[in-house]
Amino acid sequence: MPPMSAMSAATTVVVLGNERARRRARPSTAHATGHKKDPSDIFMQFQTMKFRMDILHERLEVEDGLIGLLQSLPLFLLCLICFLLAISTLAPPAETSAIHQHLESHFSLDTVYSVTDLTGIYSFLETFESKNQELRPTSSSFWCESRYYSYSWDDHYFVPTASCQSPRFTALSLQDSPEWTNTSDAGADAQRRLATNSSEETSAAEPSATHPNPACEDNDAAYQTEENNPNVTCHSDALHACRTDLGIVFCAKTCGYCSPFTYEPLKRFDKPQLTMLPSVVYQSRLATTDCRGFASWFQTQNYNPVLSLMPALDGQKNGTLFTCVDRLKKYEEDYAFYLECPTNMPPARCADGRVGLTAKQSFHGTSVYPTMLIESARDLEAMQKVGWIDVQTEKVAISTMIYTENIEMFTSLTVEFAFDYAGNIAGSVQMISYRDLVHSASDSFFALLLTTCIAASLSVVSLTVYLIRHPETCNWGLVIFEIFSRALFLIYPSILLVTWTQQAYMSHEFESLLQTFLNSHGLNEEHLTKSLAKYFEGKTEVYEEVEWLETHRLASYIMLYVQFLQAVLYFSAHPQVAMLTRTVKKALWNMVHFFVVFAILFLMLAFMAHFLLGGTVHLFGTFPDACATQVRMLFGEFIFVDGAEKLSGSMSVMYWVYAASFMLVVIPESPPFTALLGSVFLYNTPHMWRMYLMSKAAGGVDKIKNENPRGQKEEMTKHPVYGEAIVRAEAAHQNGLESFPVFAAGILGATLMGVDKATVGKLASFHLVCRTAFNAIIVDAFVDVKSECDDLQCTRNVFADFCSIPRSWHLHRKYRLPARHSLCHFLDEALDAFEEERERERRRLSKVFSAHTTGNLWVMV
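Quick note: the sequence shown, position 111, residue 870 per our numbering, numbers continuous.
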């Protein structure tokens, strides 16, 4: 026995627990003298001790793994917890979910996906802006001009009520009544009221005006230009002018619309979230191109004068029939489109005989054509009149910015409608929330990421030193991956921290967007275009910050997935805990083969459905849609898809051939009690397989001993050919017997509690699919691993083994034993030599047996 074997005394104390009393009862020199034991005393007792070298080696490996886990786990958990807290501070998931859930409900975003035509788009835009006004504390819904404000007692409801009778609000389409009336003292009354209001002084503590009040006067010249009538004046045309925007802009004195304006609260703002400005609608457009093919001929078709009952076919048409677009080229003109100038149009709005509508702006590098819904009802109606959304429109989007107080969350909400070449509309919602880290939140975020980096750097250094000092004993693959995962904890938080410090506060960006309009010099077309240009400059900065956040959310997800794999490897240090990972490892290639075959069949069926049924059943319209539909069918959403009832004749037959084929590959949704019957079959399949194997091992079905089946089963488990397979099948059957009561109780309980049968069916189908995979693939590998773990005599459970490590360390220090690695290396060599010797002996016996068998055959011949 080499001197290094004294090391095994410490570990043997744990492995051979039943030997403790006997070892303690042995006499020793230390016991006689009353002194502590020394290594020579341990070595003397060790010489008479019997133990299995392979079990000692297993125990040493388990202890080494657990010790390594205890050394690495604290820094790993520190890095992981600090990083999780940091990213949760930057983008709190619970608060983000609550905000998005409320906004989805408030703006009715679930209706986005049901929009199918232009009427639906315009209707949604109108509803969206109406809901946006409900979240805007500065909208007319919450304020009324002091001159028109009325506050009185309602003797019906017994509460005070406020009302607003503002003709200016009516002119702006903000309310239906009252309309402006041409009274004899309107101008004087306005002057009287204005004089009263202008005498009020604003406190220095209150908000101040960004521009001086415009002069209270009529601009008859500008009004005449807009009306294209040199003889009209504000006073003579007051009944018309004061009921439109023109009266507010050009006839302030006549109509009584002069500033300063003061407002009284009409009702309290009762929302925890707010928006600052009206919504902005914008579109991207496609360039036109020359028509080709049949479209080219159709553009130049002839006409027939005798078809007088069919207008437009009976005469020459001064214009193109339709527009052909190039879907690979963007439209880049200064305006979204141009229309011919009518004869009564103000000359100032007409250039070269045409008027451009919706000026171009730049938004994160692309050209868009935006308009702000200041008067949403009028603006949207004007859009419909000129056909603002047409065949050149690629995408239409409406956007707003929302602030949630108390937690400093800023949300960018954009709803987009995209058009394909056939005119189909695909709605989508993009909603991203950004949190400003202020005060303690900023300090916490910085401290958490800094702690993560420091802990990760310490871990990287220690792991690198260990790898350099012990290259022959460490597992290079695991250690390299561990260093890589720690390096991610060092590098990525550093990048996140540096880039975060370079981001501007979102509150500053929102304030900049608001100041764009508060500092505007007017709302005419020129000033509004400039304001929109500045608005989209600010919105581009918001977009870049939001993209930064989304990029880091994705990067954080990838990083956490790497750490998830690291945690799996850590907890695989103990054989009992590693059963799952080792099972997957053993079954990996079986699963790969299964999924390769499954994927081929799945994709072939998807293409067959897409090719044959896509034109009628729109859920199979594209190949990705066909795959998605089959996935839903796989998990039990449906088997009789929407639109299948429209099929007839051969198409109907082909559909059901496809459906039947698909059902053979995967399991669709099962009714609860059908699922129970299916589970009975699946749980007993291993039992039937075991009976088949036993009949093969016994030499036929008639050799099965029904009088003592259990005894025969025990005998058959030792069969040299079928014994191992019988053990596997029996283990799978026992697992099924353990699982079935729980599954059946869940099905019956959910049914009795009134849970939706479709939901129960989906979950049951998923369970049956997993059970099928278990029977077909996993069971062999699992039984292998379970057998290996059961054969391990060096361990009981992870908790007991963890608790034994301090005792092992104590014994090492107490007896000053040599390094464990030397003993492990010695045991490895000894076990290898033993295996080689056993293999040589097996070959020798095989040759002897073969020679003996050959001799017997010759004798028989």
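Bear in mind the hints are in silico, worked out from the structure with no lab data behind them. Any given hint could turn out to be false.
[Stated by the list, open to error] No farther apart than 35 Å at their CA atoms in a straight line, the calculated lysine-lysine pairs in the DSBU-like style are these:
id	residue 1	residue 2
1	Lys-1119	Lys-1154
2	Lys-1089	Lys-1076
3	Lys-1154	Lys-1076
4	Lys-1472	Lys-1012
5	Lys-1455	Lys-1477
6	Lys-1119	Lys-1088
7	Lys-1076	Lys-890
8	Lys-1089	Lys-1119
9	Lys-1345	Lys-1606
10	Lys-1344	Lys-1464
11	Lys-1293	Lys-1144
12	Lys-1293	Lys-1088
13	Lys-1154	Lys-1289
14	Lys-1026	Lys-1344
15	Lys-1154	Lys-1344
16	Lys-1477	Lys-1345
17	Lys-1344	Lys-1144
18	Lys-1076	Lys-1144
19	Lys-1289	Lys-1089
20	Lys-1293	Lys-1089
21	Lys-1345	Lys-1012
22	Lys-1026	Lys-1089
So, going through the hints one by one against the coordinates:
1. Distance hint between Lys-1119 and Lys-1154 is fulfilled; the C-alpha atoms sit about 15 Å from each other, no more than 35 Å.
2. Distance check on the hinted pair: Lys-1089 and Lys-1076 sit about 29 Å apart at the alpha-carbon level, within 35 Å; holds.
3. Restraint check for Lys-1154 and Lys-1076: satisfied, since their Cα atoms lie roughly 30 Å apart, inside the 35 Å limit.
4. Simply put, Lys-1472 and Lys-1012 have alpha-carbon atoms about 107 Å apart, too far for the 35 Å limit, and the pair is violated.
5. For the hint linking Lys-1455 to Lys-1477, the alpha-carbon distance of about 14 Å falls within 35 Å, and the restraint holds.
6. For the suggested pair Lys-1119 and Lys-1088, the alpha carbons sit about 16 Å apart, so the restraint of at most 35 Å is met.
7. Between Lys-1076 and Lys-890 the CA atoms are separated by roughly 44 Å; this puts the pair beyond 35 Å, and the hint is violated.
8. A hinted pair counts as satisfied when its Cα atoms are at most 35 Å apart, and Lys-1089 with Lys-1119 qualifies at roughly 12 Å.
9. A distance of roughly 33 Å separates the Cα atoms of Lys-1345 and Lys-1606; the hinted pair therefore holds under the 35 Å criterion.
10. Taken as a hint, the Lys-1344 and Lys-1464 pair is broken in the structure, with Cα atoms around 38 Å apart against an allowance of 35 Å.
11. Distance restraint check for Lys-1293 and Lys-1144: the Cα-Cα separation of roughly 28 Å lies within the 35 Å cut-off, and the hinted pair is therefore satisfied.
12. Pair hint Lys-1293 plus Lys-1088 holds up; C-alpha atoms about 26 Å apart against a cutoff of 35 Å.
13. Proximity of Lys-1154 to Lys-1289 is assessed by CA-CA distance (about 23 Å); at most 35 Å being required, the pair is judged to hold.
14. Under the criterion of a C-alpha separation no larger than 35 Å, the hint pairing Lys-1026 with Lys-1344 is inconsistent with the structure, at around 66 Å.
15. Note on Lys-1154 and Lys-1344: the hinted pairing is violated, with a Cα-Cα distance of about 48 Å set against a maximum of 35 Å.
16. Proximity of Lys-1477 to Lys-1345 is assessed by CA-CA distance (about 23 Å); at most 35 Å being required, the pair is judged to hold.
17. Distance hint between Lys-1344 and Lys-1144 is unfulfilled; the C-alpha atoms sit about 66 Å from each other, more than 35 Å.
18. Between Lys-1076 and Lys-1144 the alpha-carbon distance is near 21 Å, which keeps this suggested pair within the 35 Å criterion.
19. At roughly 23 Å between alpha-carbon atoms, Lys-1289 and Lys-1089 fall within 35 Å of each other, so this suggested pair holds.
20. Between Lys-1293 and Lys-1089 the CA atoms are separated by roughly 23 Å; this keeps the pair inside 35 Å, and the hint holds.
21. For the proposed pair Lys-1345 and Lys-1012, the alpha carbon gap of about 88 Å is over 35 Å, so the pair is violated.
22. Note on Lys-1026 and Lys-1089: the hinted pairing is violated, with a Cα-Cα distance of about 47 Å set against a maximum of 35 Å.
Violated hints for the displayed structure, listed by number in ascending order: 4, 7, 10, 14, 15, 17, 21, 22.
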